[in-house]
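K.L.:
Chains as they are written, first to last, in my numbering: chain H, 111 to 420; chain W, 386 to 595.
The hints are simulated quantities; they were obtained by calculation from the structure and are not laboratory data. Here the structure is a predicted model, which is why all the values come from computation and not from measurement. Here a beta-carbon is modelled for each residue, glycine too, at the ideal position from N, C-alpha and C. Some hints could be false.
[Claimed, not checked] Derived SDA-like pairs (lysine to any residue); straight-line CA-CA distance at most 20 Å: (1) H:Lys363 x H:Ser316; (2) H:Lys259 x H:Leu287; (3) H:Lys146 x W:Leu405; (4) H:Lys176 x W:Asp518; (5) H:Lys147 x W:Leu538; (6) H:Lys176 x W:Met517; (7) H:Lys147 x W:Arg510; (8) H:Lys259 x H:Val391; (9) H:Lys146 x W:Phe519.
[Claimed, not checked] Pair by pair, the computed Cβ-Cβ distance ranges are: (10) W:Asn548 x H:Val183: 45 to 55 Å; (11) W:Glu537 x H:Gly113: 26 to 36 Å; (12) W:Pro553 x H:Gly153: 20 to 30 Å; (13) H:Gly221 x W:Gly493: 54 to 64 Å.
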Amino acid sequence: MIGRDLLGIEDLDRSDIERILQTAEHMGEIGEREVKKVPTLRGRTLVNLFFEPSTRTQTSFEIAGKRLSADVVNFSPRSSSLTKAESILDTARTLDAMDPDAVVVRHAVAGVPKRIADVLEAPVINAGDGAHEHPTQALLDLFTVRREKGRIDGLTVTIVGDIVHSRVARSNIYGFLKMGAEVRLAAPPPMIPAAVETLGVKAFTSLREALDGADVVMALRIQNERFAGSYFPSVREYAATFGIDRATLRYAKDDAIVMHPGPVNRGVELSHDLADHRPSVILDQVRNGVSIRMAVLYLISGRLHRGGVA
Amino acid sequence: MQEKAPGEPRGARNGPRTILDETGIRRTLMRIAHEILERTEDPGLLYLVAIPNGGVPLAREIARNLRQIAGIDVAVGILDTTLYRDDLTTTAERPLLRLTEMPSAVDGRIVILVDDVVKTGRTIRAAMDALMDFGRPQVVQVVGLVDRGHRELPIKLDYVGKNVPTSPNENLRLRGDAGELRGRLELVLEPSDAADSDDSSRSARKGGGA
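Using the sequences and the hints, build the whole thing.
P.N.:
Now the structure itself:
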C-alpha cells in the first residue's frame, strides 16, 4: 500500500505503482480542459521545501498542487550539504507548526527527506535527495514509457550515463524492474556503482552492446564541470563514447524512444537534433510530470489524518 | 435468477430483489428518449453526459434511441465526479478515478446528465460543478434510471425511470458489464460501506460519521 509518505520507489510495490500511473492517466485530462483546475485539495496547503534549487521540479509540483486547488507555498532555505541535521530538522519543525497538509522535500544529501518525515505530522514527498532517490521522476518516466509503448512488462530499458551519482537512475532501476522490464546500464566504468548487478540489472561499458534491441534509451545528465578529468577524460570523449545520436540509436530497436530527465547538455548526452525531435520524448516527460505529481498529491493527501478518525 | 429468495441466510427482509430487468431498462430508456424529444425544442443542442460507471451504458442507449426515433446524432460525454466529491476530506482511502471524456464543448448546449441511481443528490451536485468547469451550458437536466428518494440537496430529476422507495441502508445497483447494457437493477440489503456501488449516497453516509 502507498504509505503516508513517498520517499522512494524502493518502498513501493507493483500495485502501488500501477495505482499511481492509473490515477495520473485521469489527471492528464484535467490539463486539457479550459479550466485546468479541480476543487479536490481546496483548503489544503502544500509546502515545497527545496534546500537545493530546482526550478523544474518545483514548478511541476507547484502546478500540480494548484490544479488540485491546494495553496502552494515555496520555501527555499539556504542550506548546504554541511548544514547540520539539527538545523534542517529545526526548519522542518518550524514549518510543521504552520500545519501544512503535505511537504515536498529536495535536499542534496541522501536521507534528509526521511529524517524530516520522521519528525513531521504532514506527509513528505521526496523530490530528490542526493544520489538516493527521485521517485516522482521515475514515476513520470514509467508513465511516459507506458503511454508510448502501451506496456512496460517485457521491454528493454537502457540507462546511459552517470549512474553512480544519479538518483534518477536509482529510482528508475527500482521502478522498471518492479514493472517487469529488463534494465541495462551503460557508462564509463567509474560511473557504474559497485555490485549494481545484484539489483538485477546488466551493466555494460560498451554503448553498442547495451543498446542492442533496446525499446527505451534513457540518457542521464552529465555534470561536466564536476567530473571531467576524474570519471572520464573529457566531455568531448564522453560524447564520442556514450553520447546518443541517430547513428548510435540504430543499434536500438527501430521504434525505440529516447528519454532524458533534463536539462540536456546538447551535444553531450544527446545530439542537438535528438534533444528536440522524435524519437525523443523529453517534453512529454515534462508534461506527464504534472499528471504524476497530481496523482501522488491526490493519493498521499487521502491519508492526512494520521491515527485520526477514519 | 430474479428470485425472491425467501430463505436468504443473511436474515435480510428481502434478498436481492430485481427492480428492473434488461427488457424493463430498455423500455424505460425508450420512454425517456421520447420524453426528451417531447420537451426539447431544438434537439440539435442536446448533449448527453454520463456519470460513470452506471450512467455510461444508459446514456449510450438513450443516444441510440434518439437516433432511431428522430434520426439525430446526439453527442455522449463521460464525466467522472470523483475529484468534485464533497467527502474527500473525510475518507481515508482515496477513491479510484474514472474516465472523463467530453468530446464536444458544452457551451450553449442542452446538457442532460445521466445516472443510474439517484439518492442524496450529492453526485449530481458534483457533476454540475464539474460540468461548469467545461463551459456554460444553456440548460442542465438530469436523467435518473431510478430515484430512491432520501435527497439531501435540493436536486430534482427531470426524467425518472422508476421511483423506488427504499430504506437508507439498502444498496441499489446496476448489475452487468460496464459499458454494456446487460444485466439488471437489483436491490440488495448490505452494510453501507460494502461493494463498489455507483449509488450517490456513499459520500453522504461516510460524511455523516459512519
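K.L.:
Next step is simple, just say for each hint if it's right about the structure.
P.N.:
Status of each hint after checking the structure:
Using a Cα cut-off of 20 Å, the hinted pair Lys363 of chain H and Ser316 of chain H holds, with the two alpha carbons roughly 17 Å apart. Restraint check for Lys259 of chain H and Leu287 of chain H: the C-alpha separation of about 16 Å stays at or below 20 Å, so the hint holds. Proximity of Lys146 of chain H to Leu405 of chain W is assessed by CA-CA distance (about 39 Å); at most 20 Å being required, the pair is judged violated. For the proposed pair Lys176 of chain H and Asp518 of chain W, the alpha carbon gap of about 15 Å is at most 20 Å, so the pair holds.
Proximity of Lys147 of chain H to Leu538 of chain W is assessed by CA-CA distance (about 24 Å); at most 20 Å being required, the pair is judged violated. About 18 Å separates the Cα atoms of Lys176 of chain H and Met517 of chain W, which keeps this hinted pair within 20 Å; it holds. Among the hinted pairs, Lys147 of chain H with Arg510 of chain W is consistent with the structure: their alpha-carbon atoms are about 17 Å apart, no more than 20 Å. Distance check on the hinted pair: Lys259 of chain H and Val391 of chain H sit about 12 Å apart at the alpha-carbon level, within 20 Å; holds.
At roughly 9 Å between alpha-carbon atoms, Lys146 of chain H and Phe519 of chain W fall within 20 Å of each other, so this suggested pair holds. Between Asn548 of chain W and Val183 of chain H, the C-beta spacing of about 50 Å keeps the proposed range 45 to 55 Å intact. At about 34 Å, the CB distance of Glu537 of chain W to Gly113 of chain H agrees with the hint of 26 to 36 Å. Distance hint check: the CB atoms of Pro553 of chain W and Gly153 of chain H are about 29 Å apart, consistent with the given range 20 to 30 Å.
The hint said 54 to 64 Å for the Cβ distance between Gly221 of chain H and Gly493 of chain W, and at roughly 56 Å that hint holds.
Consistency with the previously given hints fails for numbers 3, 5, ordered from lowest to highest.
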